[in-house]
Amino acid sequence: MARRLFPIFLLLLTAAFAQQQSVPIFRADVGEVLAQVSVLDQHGRAVTGLPQSDFTVYDNDAAQTLDSFTSGDAPVSAGILVDNSGSMRSKREQVDRAALNFVRAGNPDDQTFIVKFNDEYHLVAPFTGSIAALEQGLGEINPDYATAMYDAIIRGVEYLNRYGKNTKKVILLISDGADDASGHNLEQTEQILRVQNAPLIYCIGLSDHEDSGWVRRDNARVLNRIAELTGGLAYFPKNLNQVNDITRKVAEDIRLQYSLVYRSSQTAPGFHAIRVVVRDPQHKHLHAVTRRGYWR
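Going by numbering that gives the first Met the number 0, the final residue of the sequence shown carries number 295, and the count climbs one at a time with no gaps.
These are calculated hints, taken from the structure and not from any lab test.
Certain hints may be false.
[Unchecked claim] In silico lysine-lysine, DSS-like type, Cα no more than 30 Å apart, as pairs: (1) LYS283 / LYS164; (2) LYS248 / LYS283; (3) LYS164 / LYS237; (4) LYS164 / LYS248; (5) LYS237 / LYS248; (6) LYS168 / LYS237; (7) LYS168 / LYS90; (8) LYS90 / LYS237; (9) LYS248 / LYS90.
Please take these sequences and the hints and turn them into a complete structure.
What follows is the structure, given as structure tokens:
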């Protein structure tokens, strides 16, 4: 199967990188800025019911005025990216079950698409709210070949940003974290995600026990970097039996997030760092998790 063409701006970006060894910066007009925020206590548990007055958002270290603040359950546009390479063959049944479990634990009004990737990108289920359609898509491609994870992330984010109808957007990536077939490396992928103002990316890392300790650590490093960049989290289950519980937890945490919208007072072009501080007299040691920033 011929590899589908990337959006033209991504092709140009890759070509420029090959010539300059640095990713060029594309800037777009930015109006409202959305920060999806998970608030966790010292034990990593989600904290709900906090008022707007507990939150302060900083854009390049300048405090911002919120235009909108919402908490609680709201529909999400979600993409599930499933590693379908040969190294995942033995995990297929449990991974597919966990992917559907993520959808079932979400908001009934969510829209979800599913991608299976090996050395190719397969959109096996376009955006839908139908569990049956998603289940059918998961069964279409047998695991095989190499892994082009970075390319799949880039294309999945582009599809989500283009066709996702809900304000809240998220990617769930299930992979061992190894990449041996992409046209992009990790640094290029991170830069593209910044330029695209990527949504939250949650990662579930499923390294083989046969892999060396160095390989497992390196794969975990990759998934942690992708999650932290976008404001998501990375999980590394000790065995496949834990994957269902993790996907359910991720879905529930997404439903408990706060959505903060503001128009930045900082108009300089370039990268804008986002920082959210939460202070509540009833809770100590609260930690706000959100994306690192955006480009304008």
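How the hints compare with the structure:
1. At most 30 Å may separate the alpha-carbon atoms for a hinted pair to count; LYS283 and LYS164 exceed this at roughly 36 Å.
2. A hinted pair counts as satisfied when its Cα atoms are at most 30 Å apart, and LYS248 with LYS283 qualifies at roughly 23 Å.
3. Proximity of LYS164 to LYS237 is assessed by CA-CA distance (about 35 Å); at most 30 Å being required, the pair is judged violated.
4. With a CA separation close to 23 Å, the supplied pair LYS164 and LYS248 stays within the 30 Å bound.
5. Taking the CA atoms of LYS237 and LYS248, the gap is about 16 Å. The hint holds against a cut of 30 Å.
6. Distance check on the hinted pair: LYS168 and LYS237 sit about 28 Å apart at the alpha-carbon level, within 30 Å; holds.
7. For the given pair, LYS168 sits about 27 Å from LYS90 by alpha-carbon distance, which is consistent with the 30 Å threshold.
8. Among the hinted pairs, LYS90 with LYS237 is consistent with the structure: their alpha-carbon atoms are about 13 Å apart, no more than 30 Å.
9. Between LYS248 and LYS90 the alpha-carbon distance is near 20 Å, which keeps this suggested pair within the 30 Å criterion.
In the structure shown, a violation is registered for the earlier hints numbered 1 and 3, in ascending order.
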